[in-house]
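Visitor: Below, each chain spelled out in residue letters.
6 protein chains.
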Amino acid sequence: MIIRRVKTGVPGMDEILYGGIPERNVVLLSGGPGTGKSIFSQQFLWYGLQQGEPGIYVALEEHPVQIKRNMIQFGWDVRPYEKKGMFAIVDAFTGGIGETAKREKYVVRDPTDVGLLVDVIKEAIRDTGAKRAAIDSVSTLYLTKPVIARSVVMQLKRVLSGLGLTSILVSQVSAQERGFGGPGVEHAADGIIRLDLDEYDGELYRSLIVWKMRGTKHSMRRHPFDITDHGLIVYYNKVLRVRGGRAFIEQLPEKVVEEMEKAAQKVEDVYEEAE
Amino acid sequence: MIIRRVKTGVPGMDEILYGGIPERNVVLLSGGPGTGKSIFSQQFLWYGLQQGEPGIYVALEEHPVQIKRNMIQFGWDVRPYEKKGMFAIVDAFTGGIGETAKREKYVVRDPTDVGLLVDVIKEAIRDTGAKRAAIDSVSTLYLTKPVIARSVVMQLKRVLSGLGLTSILVSQVSAQERGFGGPGVEHAADGIIRLDLDEYDGELYRSLIVWKMRGTKHSMRRHPFDITDHGLIVYYNKVLRVRGGRAFIEQLPEKVVEEMEKAAQKVEDVYEEAE
Amino acid sequence: MIIRRVKTGVPGMDEILYGGIPERNVVLLSGGPGTGKSIFSQQFLWYGLQQGEPGIYVALEEHPVQIKRNMIQFGWDVRPYEKKGMFAIVDAFTGGIGETAKREKYVVRDPTDVGLLVDVIKEAIRDTGAKRAAIDSVSTLYLTKPVIARSVVMQLKRVLSGLGLTSILVSQVSAQERGFGGPGVEHAADGIIRLDLDEYDGELYRSLIVWKMRGTKHSMRRHPFDITDHGLIVYYNKVLRVRGGRAFIEQLPEKVVEEMEKAAQKVEDVYEEAE
Amino acid sequence: MIIRRVKTGVPGMDEILYGGIPERNVVLLSGGPGTGKSIFSQQFLWYGLQQGEPGIYVALEEHPVQIKRNMIQFGWDVRPYEKKGMFAIVDAFTGGIGETAKREKYVVRDPTDVGLLVDVIKEAIRDTGAKRAAIDSVSTLYLTKPVIARSVVMQLKRVLSGLGLTSILVSQVSAQERGFGGPGVEHAADGIIRLDLDEYDGELYRSLIVWKMRGTKHSMRRHPFDITDHGLIVYYNKVLRVRGGRAFIEQLPEKVVEEMEKAAQKVEDVYEEAE
Amino acid sequence: MIIRRVKTGVPGMDEILYGGIPERNVVLLSGGPGTGKSIFSQQFLWYGLQQGEPGIYVALEEHPVQIKRNMIQFGWDVRPYEKKGMFAIVDAFTGGIGETAKREKYVVRDPTDVGLLVDVIKEAIRDTGAKRAAIDSVSTLYLTKPVIARSVVMQLKRVLSGLGLTSILVSQVSAQERGFGGPGVEHAADGIIRLDLDEYDGELYRSLIVWKMRGTKHSMRRHPFDITDHGLIVYYNKVLRVRGGRAFIEQLPEKVVEEMEKAAQKVEDVYEEAE
Amino acid sequence: MIIRRVKTGVPGMDEILYGGIPERNVVLLSGGPGTGKSIFSQQFLWYGLQQGEPGIYVALEEHPVQIKRNMIQFGWDVRPYEKKGMFAIVDAFTGGIGETAKREKYVVRDPTDVGLLVDVIKEAIRDTGAKRAAIDSVSTLYLTKPVIARSVVMQLKRVLSGLGLTSILVSQVSAQERGFGGPGVEHAADGIIRLDLDEYDGELYRSLIVWKMRGTKHSMRRHPFDITDHGLIVYYNKVLRVRGGRAFIEQLPEKVVEEMEKAAQKVEDVYEEAE
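Chains as they are written, first to last, in the working numbering: chain A, 734 to 1008; chain B, 734 to 1008; chain C, 734 to 1008; chain D, 734 to 1008; chain E, 734 to 1008; chain F, 734 to 1008.
Just so you know, the hints here were simulated from the structure itself, not pulled from any lab data.
Fair warning: there could be bad hints in the mix.
Because identical chains cannot be distinguished in the list, a pair is counted as satisfied if it fits within a single copy or across any two copies.
Simulated pairs of lysine to aspartate or glutamate, EDC-like, Cα-Cα distance not exceeding 20 Å [unchecked claim]: (1) Lys950 x Asp962; (2) Lys817 x Glu987; (3) Lys855 x Glu832; (4) Lys995 x Glu815; (5) Lys838 x Glu932; (6) Lys999 x Glu856; (7) Lys817 x Glu1006.
Kindly generate the complete structure, drawing on both the sequences and the hints.
Guide: In C-alpha cells, the structure reads:
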C-alpha cells in the first residue's frame, strides 16, 4: 500500500508534517477570527496549481469575486487557472443572486441543503480533476444546528476522501475558545491543525500546533508563524512557550530541526501487506 | 488592483492600521458598555465629512435627535451636513413614532425586519452618495435571536461592501466578556477592533487592540487610549501590559513608532494581477 | 446647548462625577444584595426634595408604607413632601391589594404590563412636576423574561428622559456576579454606577465604581464607601485596591482630590453649535 | 417610630448583629448541606419560647415527629410548649398522610400550593400568637420552578412581616456554590446570613457572615462557629481568614469586641419622624 | 430517647464517625467513577450480616449475579445468608428478563416506576427483617429527570427510615465534579460521605471526608483510604492535605487519634426529654 | 471462582494493569481527538488474533475498508484473519451504501437503532467465536441524544459481558475536557482508561492513566506513552508530572517497576467461595 504526501506549500509546514499531508486526509484547520485560516487554505490550493495539481475552493463565507480579489493581494491570481479548467470556486455563498453570481458555474442554490452542496462539489471535482480541496468554512454549515455537525463533516469526508482528494476543512471557533469545533467534528477529521492568535503581555502572537495527523509523525510543538504579503511562513525551527503570562520564542536544537528538514523531503510511504 | 485606505480620523488610529482601513472593509467595533464604541464610529463619520466624504449613521440604540446632541458635545455638529445632503441618520430606533421622528427621512418602521432595514440603508446611501457607514449597533438586531446573527451581518456586509462603502459595525458585548460578539459575527467581519475598559488595581484603564484587518498589516499590540472632549485619542506609541493584576503603560521603541508613523501616510495599495 | 448637572446629594459622589449627573441621563445603579442600591436612590430623591426638586419613586420590591419607614430610619421623612404634591411613590408592588394600598394614588394594577406602568409613571410625573426618578428595581420587570430586558429599559428611558427627568434605575445582580444586568440593559443606560460588597481576607468591603457616564468626565477609580445612619458617604479621596486576595484602602494624591473637589462645583455644561 | 430588636439566642450572634434582628425582618439563612441551617432556626425559635415568645416552624423537609426528635438531641423539647399553644409545627411535609400526620393540627395538604400554605401559616400564627417563625426550607417551594422563587418569597414576606413576626427563611444552596439562592430571593430578603462549611488544607471549617441586615449595623467579618450538643456557638470575637488555600482563625482587637458586646445589649431603636 | 450507633464495619470508618452511623440515618455516599462506592456499601451490608443484622441491596447498576460475584472477590459470599433469609438483592436492573433473573425473588419490573420500587423494597424488608440497606445507585433513578431527584430521595427516606433501617444511598457524580448530587438530594440526606479519587502530581490518591452526619460528632478531616483485597481501609489517624498541586499525607496528633478510638466504642446515645 | 486476565498486547499496558484486563470487563477508553484511542483498540484486537483469540471491531466512525488500511500502516493486516473467520468488522458506518459495503457481511442498516446494532454484534460474535471486541466509538451512538447514553452502554455491556467477551468502548471527549464521557457512561463501565494529549510549555505530551479497573489492582500513576509505527508503547516505568505549567517525566523507583513487571505475568485470579 502506497500513500503519497501532499505538500502544503506553506513554507515551514511540510517540515512540521514530516513530509506533508498524507494523501486523502481530511484536515480540520481550526482557529479563531483573524488567525489566517482562509489564507492558509488558499495558499494550499495555489501551491497545488503551481505543481500542476487542480483544486477547488468551496466558498461559504465570501463572494467568489471577493475571494479572488483577496488572493490577488497575496500574489495568487487564480483566474488563468480557472480559465484552463484547473481551478474552480464552488459558490455556496450567493445562492446564485447577483450579476457576477450568474456567471459562476458551480452555484449551490441552497447552501443549507448539504446533499445539494455535495452534488455540486462532485461535479466541480469531476470537471477539474481536482486533487486538492478547501472548504471555507464547514462551521457555517452547522452554525445554527450543531446537532448535525458530525453528519455534515462525515458526508463531506466520504466524497472528498472517496474521490482521492486531500482536503482542508476550515473550522471557525470563537476567539479565546480552546477546542477545535466540537466533539463530532474533531474526531471525524484525519488531521487537526490549530491556528492561534493570542495576547500575551499586551502583544498578539501567532502560532500553530498540529494536534493530530493520521498516517504521519509530526512536530509535537507549538510553532510561531507570520502572515506576510505572500502568505504564511511557519517557523518550524522555533517554539512558542508561555510562562507566567508572557510568551517566549525559542530556537529548537539543531538535531530536531535537521530531522524535520530531512523528513520534509518525503514523497510517499510504503506499507507492507500480508499476501 | 488598487485598494484605497480610508482614514479613520481618530488620532493615532491610522498609525495603528498602517495607513487606515482598506476601502470596502466591514469592521466590527466590539466592546463592553462605556468603552467608547459610539464615539469612535461618530468620529469616523465626522472625519469623513471634513474630508468631503458623505456618510450615514444607522441608529438602533438612540433617538436621532439625541445622537446629534451627543455629537455636539464633542464639537461635531452634523446638522449643516445633513442639510447639504452629505449626511443622514437612518432611524431604526423610533419606529416613526413621535413628533421629531415624523420629520426624519430615513425611518425603518419595523427594525426587526432586516430586509426593510437594508432597503432604507440602500436608499440613504443612494441619496447621500455615502462612502462611510456606521451601524450602532448590529447586536441589537439579533440580541434576542442569536441564531440569525451571522445572516444579519452577511446581509449588511453585502450591501455596504457591495456599494463601495467602508463601514463600522458596533458590536456590544457584556462587560468582562472577552469575545467579539459570537463566532458567526467575528468571522464574517473583514476587521475587528476591540475597545476595552478594565479595572486593574482599583483603577479603570481604556485600551484597544486590532484583532484582524483584511488587506493591511496592523499593530499587534494593545494600545491605551483616552476619551477627551474632542473624541478618542489613541496612543499608538504606547502599549498597555498587565502583570500580576496591575497595568503598566510603556513607551514603544522609537523604531517601531517611526514605522507606524511612516505607514500612516499610505493612501492606497496596488496589487499586480496576472494578464 | 446647555446641559445642567443634577447633584446626587450623596456626599462624595458629585466629586466622583465631576459635578453630578448630566441632566436627563438614565443611570443604571447596579449591585448585588445588601450593597445599598435602594438607599442610594432614596438619598438621591431626598436631596432633590431638599433643593425644591420634586421626585418620584417607583416601588417594585417593597410596600410603599415600608419604603417610607425605611427612609425614616435614615432621617428622610418624605410624608410632608408627599402631602405638598412634591413627592409620589408609584406603587407597582401591591397590585392595589390591602388597606393601605387602597389609599395610594399611583397604583399599577398589573406590574407585568409595562405599558400600564409607563402610563402611571407619566401621570405621577405630570402631577408632581418631578425632575428626579428612581425605579427600584428594573430587574423585577424582566426577572423571568430576560429577553424583554432591553425593550423594557428602552421604554422607561424614552419616557423619563423624554420628560426631562434625571433618573436612577436600580439593577439587581446576584452576589459575586460581575456584570451590570445583561448586555441589553448595560448598553442602553447613559451611565452605570456599580456598588460592590466583597469579602477579602475574612472582611466585607463596600466600594463603588462609575463605569460610564455620558456627558461628563468621571473618576476612573474604585472608591470605598460606608452606609451610615444618614445614608451613604463615598470616600472620593480614597481608592480600594486588591492585591493577593487582600484589600487596601489608599489615600489619593492631593492634586487628584483637588481636581475632583473643584469639578464638583460645576452646575452646567455649555456646548457650541454650528449656526 | 420604634423598632424592637429580636434576640436570636444563638450565643455570639446578637453581638454580631449589634443587638439582634430588627423586628419584622425576614432573614434569609443560606448555606450548603450540613452547615447547620435547621439547627440555627430551631435554636432561634427555642430561645423565643424561653423568653415567652410563641413561634411556629414550617416543616417542608422533614417529618414533624423527626423535627421534634432532632430538637431533643440539642436539649430543646418543644412538646410542652406545643401543648400550651405557644408553639406549632406547620406540616407541609407529610401531606396529611400517615398515622402521626393525622394528629397534626396545621397540615398543608398540597405544599406546591403556596396560597394554601400561606393560609395555614396565618392560622397557626393567629392561634399561637407567634412572634417568631422559621421556614425550613423556602428552596423546596421553588426547587423545580426557579422562575417563581421571587414571587413565593414575596408572598411569605407579606404575611410574616405584615403580621409582625420576625422570621428566618432557610435557603438551601449546593455545596461549593457561592450565592445565596438566586437574585429574586437575595434581594427580596431584609437580611442575609450565610453559613459556610469549607475544606481548607484537608480540614473542614465552619464560619458565618452577615451579608446584609436592614435596620442595623452588623459585623462585616467572617466569624468561625461550632455546632455543639447544645446548638451553635458563634465566635464573635474571632475572624476566619483564608490565605494561600489555608484557613487562619484570628482574635479580633479588644476594642472591636467590646463594641459588639456593648451593642448586643440594645433592645430597640427609636427614629424621629417629621410632624 | 435512645439512638443506637450502627457500625459500618469499614476499618477506620467508625472512628471517623465517633462510634458509627446513628440508627435510621439515610447516608448519601457520593463519589465519581472508580472511587469505591459500591464496595463501601457492600462492606457495610456484609459486616451487618456478620453481626446477625439482616440487610438488603437494591441493585440498579449491575446484574444481581454479577454483584454476588463482585462481592466474592472481596471474600464476601452472601449466598448462604440469602438462603437463610437474612439477605436479599432487590433486582431493579434486569426488569425480570433473562434466565437467572427469573429465579430472583424481588424483581422490579419497571425501575422507572418509583412507587413500584418502594413496594418491592418494603416487601424485601418485611421478609428479611432488614436493619441495613444499600441502594446502588439512587442517581440512576433520576439521571434523565433531575427535576424529580429530591422527591425520589424523599420517598426512599420515608420508607427506609420509617421502617427503622440505617441506609446508604450511592450517589454517582462525574469525575472532577465537586458537589454531592444536586441540592435536592444533598439537603434531604441525614449524612453525606464523600469518596474521592484525585490526581496530584501524576499520581492518584483516594480520600474521603464526612461532610455531615445528623446526630453525631464526626471527624472534620479528609482521610486517605485504600481499596484492598478485603475491602476499604480508612486511615482515621491520617489526613490528606493538598498544597501547591501536590498531596501530602500527614499523621494526626496522638490526642486526636485517641479521642476517635475511644469514641469508636460508643454504642448508643441517650437524650433527656421534658416530662 | 476463576477470572482470567486478558492481555492487552500494548507494550507496558499489562504491567500497568498488574496482569491485564480481567475477563468480561467492559473498559471505557476515553480521550480527546488525536489521543490514539482507535489505534489502542485495534492493537488490542490484533494481539488477540496473534494469540489465537478471535475478535470483532464495531465501526461507527470510519469505513471498514479505511480501518483495514489504517491497521496496515501499523503492520496489522487483518484480512487473512477475516478470511479464516477469526475477525470481523461490524459495519455501522456505511448503512450498506456503496460498492465495498455491499460485500460486507455484518452491516447495520440503521446505526441509530441500538437494538438492531446489538443483533448484528451478537451474530458476528456467534460466527467468529469472538473473545475480544472494540466499539469505535460508543459516543457516536448518543452524540445527539446524551439522555440515552447510559442505556446504550448498558445494552452493549449486557451482550458483550454476557457472551463472555472482554471489550473496549471508545469514548470521544472534546479536547481539553477532563471527564470520561458523562456520569451515565463512566459509572456503567467496569474500567476506565484515559488517554491524554496535552500541551505544556509549547510541547504536546501523551500520557495515560487507569482511573478504575474492576477486579484488579492497577498503577495509580500517569504514564507517558508514544505512538510509533507499530502502535502504542506505554512507559510503565515512568510517570508524567506537571508542575508550574511544565511537564516532567520521571523514572519510577526500581521496586515499584519490579512489582509491576512481576504482576504482568499473572494469568488468572482464583476466589474462594462459601460452600
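Visitor: Does each hint hold? Answer for all of them.
Guide: Hint check:
no.	hint	in the structure
1	Lys950 x Asp962	between (30 Å within a copy, 9 Å between copies)
2	Lys817 x Glu987	neither (44 Å within a copy, 50 Å between copies)
3	Lys855 x Glu832	between (25 Å within a copy, 18 Å between copies)
4	Lys995 x Glu815	neither (35 Å within a copy, 38 Å between copies)
5	Lys838 x Glu932	neither (42 Å within a copy, 44 Å between copies)
6	Lys999 x Glu856	neither (32 Å within a copy, 44 Å between copies)
7	Lys817 x Glu1006	between (40 Å within a copy, 17 Å between copies)
In the structure shown, a violation is registered for the earlier hints numbered 2, 4, 5, 6, in ascending order.
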